[in-house]
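All chains, please: the whole structure from these sequences, using the hints.
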Amino acid sequence: MNRTARTALSLLPRYVVMVPLTLAILFPFYWMFVISLSTLDKVFTFPPILYPLWHWENFPVAWGSLPDPSTGSFLHIPWARYFFNTVLVATTTTALVLATSVLAGYAFAAMRFPGKRLLFGLVLAVYMVPTEVTLVPNFIIVKNLGWIDTYWAQIFPFGASVFGIFLMRQFFLTLPKDLWEAAQLDGCSHLRYLWSIAIRLAAPPLITIAIFHFVLSWNAFLWPLIVTNSDAVRPIQVGLTSFSYADATNPVLHAAGSLMATLPILAVFLLAQRYLVGGIASTGIRG
Amino acid sequence: MAKSAALEAPRGQARLRRTRAVREGLEAYAFLAPALLLLIVFLLLPAFWVFGLSLFRWDLISSNPDYVGLANFDRLLGRDELFRKSVFQTVYFVAVTVPVSMALGLLMAVLLNAKMPGRDFMRTAIFTPYVMPLVATVIIWSFMFHPYAGVFNAVLNAFHLPKLNWLDNPRTVLPAIIFYSVWQHTGYNVVIFLAGLANIPPELQEAARVDGARAWSRFWRLTWPLLAPTTYFVLLVSIIGSFKVIVPILVFTGGVGGTGSGGGPDNAAETIGYYLYTQAFYSFHAGYAGAISVLLFLIILAVTFVQMGVLSRRVFYS
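Residue numbers (the working numbering), protein chains in the order written: chain A, 6 to 292; chain B, 54 to 371.
The set of hints was computed from the structure by calculation and includes no laboratory data.
Keep in mind that the hints are not guaranteed to be accurate.
[Stated by the list, open to error] Facing chain A, from chain B, some residues (calculated, C-beta under 10 Å): (1) Met175; (2) His199; (3) Ala207; (4) Leu214; (5) Leu217; (6) Pro254.
[What the hints assert, rightly or not] Only part of the chain B face toward chain A is listed, based on derived beta-carbon distances under 8 Å: (7) Ala124; (8) Trp194; (9) Lys297.
[Claimed, not checked] Using C-beta positions, here's what the derived DEER-type ranges look like: (10) B/Ala156 x A/Leu55: 27 to 33 Å; (11) A/Gly120 x B/Asn252: 33 to 39 Å; (12) B/Val363 x A/Ala100: 55 to 61 Å; (13) B/Val153 x A/Leu55: 49 to 55 Å; (14) B/Leu69 x A/Leu129: 55 to 61 Å; (15) B/Ala266 x A/Val21: 21 to 27 Å; (16) A/Ala100 x B/Leu214: 36 to 42 Å; (17) A/Pro74 x B/Ala124: 52 to 58 Å.
Just so you know, these numbers come straight off a predicted model, no measurement behind them.
By construction, the Cβ of each residue, glycine as well, lies at the ideal position given by its N, Cα and C atoms.
Below, the structure is given as structure tokens:
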């Protein structure tokens, strides 16, 4: 037996356990797909039909551009509005997190000022505060700001990130001091140096922070559920649950809606998972 | 003349340096201001405020909250049967979810910790549930738990076991949600454990192998102790995360939009977090919800400190 064959054989037990486990973990996603392509009379047959029935028209029906075959009427769910709201909130929040993280991370890494250790300790201490615990006071704050049912309420509370500040600080600490000293000799200010030199080198941490917060914001549910009450500003995740009582009778369309709300973020995740998994593995941070 | 000029120059430089330091300090505060402002207003301030809030009775609407002292805590700890139930159920939820998802996560990480084709694909696949929107995945899982045609009942049926009414039976609703949570969370543990395993020098494994140690004893004698910092970290994060569980309970038990039996049949899926949410935003008992928040906060802080204490005493390898 040659070496490659022996290595392959030694790996076999790993595959024997891992392949079924991986498939089992992926099954719910497959199931979402199967149900979304099923029909109302086939979806709850027993035993369940385990393969897709390819009723692609479920998607235009769920979207509201074709009539629902079971009722003959059109569904009125403002998907486009929900998607727009989610994309708007997620991109704005991400941009804000990047800006605040870069500035604060740079200050903590490269600038001298009184109270630096105290303030950094404060930032790390804030990380221990669970957002579930601050749900009620935060609601009161947002209410007093007059932000109920606005985009602001969905953006600003998530506009600064301990994870982001920490990651940017760690990155700026690795930049050689000579770089800044040379720039300073040329009359460069901190802001100018940060903008035209330091940030251009910071793509990996920036991408990690951006992906992480984009996913977090896309998936946000509880907070927007609490602070919004009209479709005009509601994100897709909250929209999905209003779907559940607007059309509780048709699980097929419900699954189609879930799939529509999941696919964009799945695409983002698959494209960027290297950065996301890397960032989580190195810092252990979680949503 | 020459003498005073010589004295002036260093003094001028010192002043210049001092102005520059002051300017840099002000600039630094300006850089920090946006992040600190948001962190203070939306995290730090509410964290303190919640303690104050817990001393009031308030419906979130009227302009005058009533100061009631410790009455909220008195009721919560003394007379509130539902809260007591939610505490027990939360502990049950944590006590099952955490060990199961950690053991599974560690198993999968150890198996994936080798040069093998398909490793990255499997890691990504396992991690996917953790990043997908909770609402969408809960919706799919509730189809899988369907009392008549769900896939789990099909599995039971294949083994000639009776079907279960998973989400509508007080005895199975919480186990069903635990099952979902393990699925949802294990991928995170795998990623963290894989990162921890990558930090263990391969030479050690190699040396143990050369010495003839079997895989099982290599794991318990070498990998397990060296992985201790990672294990403690995952334990801490998992316990805290599970203690706070709200959204799966909310979506699984149909508490969204006011339909269905929120908290499960017979409140069998009520958890501390979910109770806090309903008290605040359905019953509008802001002060009472504040008191629940304070207790949840104290539990989480206690877990954190106990584990940090254990960490600093028992883990030598980080």
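Task: Range agreement (Cβ of B/Leu214 with Cβ of A/Ala100, hint 36 to 42 Å) - done: Hint violated: Cβ distance 53 Å, outside 36 to 42 Å.
Open item on the list: Can you verify the interface hint for B/Leu217: is its Cβ closer than 10 Å to any Cβ in chain A?
Closed with: Not OK, violated: B/Leu217 not within 10 Å of chain A, min 14 Å.
TODO: Using 10 Å as the Cβ threshold, decide whether B/Ala207 counts as touching chain A.
DONE: Result: holds, 5 Å to nearest chain A Cβ.
- [ ] Using the beta carbons of B/Ala266 and A/Val21, state whether their distance is inside 21 to 27 Å or not.
- [x] 23 Å, holds
Open item on the list: Quick check on B/Met175 please, does its C-beta sit within 10 Å of some C-beta on chain A?
Closed with: 5 Å, holds
Open item on the list: Does the closest beta carbon of chain A sit nearer than 10 Å to the beta carbon of B/Leu214?
Closed with: 14 Å, violated
- [ ] Mind checking the hinted window 49 to 55 Å against the Cβ distance between B/Val153 and A/Leu55?
- [x] 26 Å, violated
Task: Given hint B/Pro254 near chain A, where the shortest CB pair must fall under 10 Å - done: 18 Å, violated
Open item on the list: Given a cut of 10 Å on the nearest C-beta pair, is the interface hint for B/His199 held or broken against chain A?
Closed with: Cβ of B/His199 sits 7 Å from chain A, so the hint holds.
TODO: Could you see if the CB distance from A/Gly120 to B/Asn252 stays within 33 to 39 Å?
DONE: 34 Å, holds
Task: Satisfaction of the hinted span 55 to 61 Å by the C-beta atoms belonging to B/Val363 and A/Ala100 - done: 40 Å, violated
Task: B/Ala124 as chain A interface residue, shortest Cβ-Cβ below 8 Å - done: 17 Å, violated
Going down the numbered hints, you'll see the structure goes against 4, 5, 6, 7, 12, 13, 14 and 16, while the others check out.
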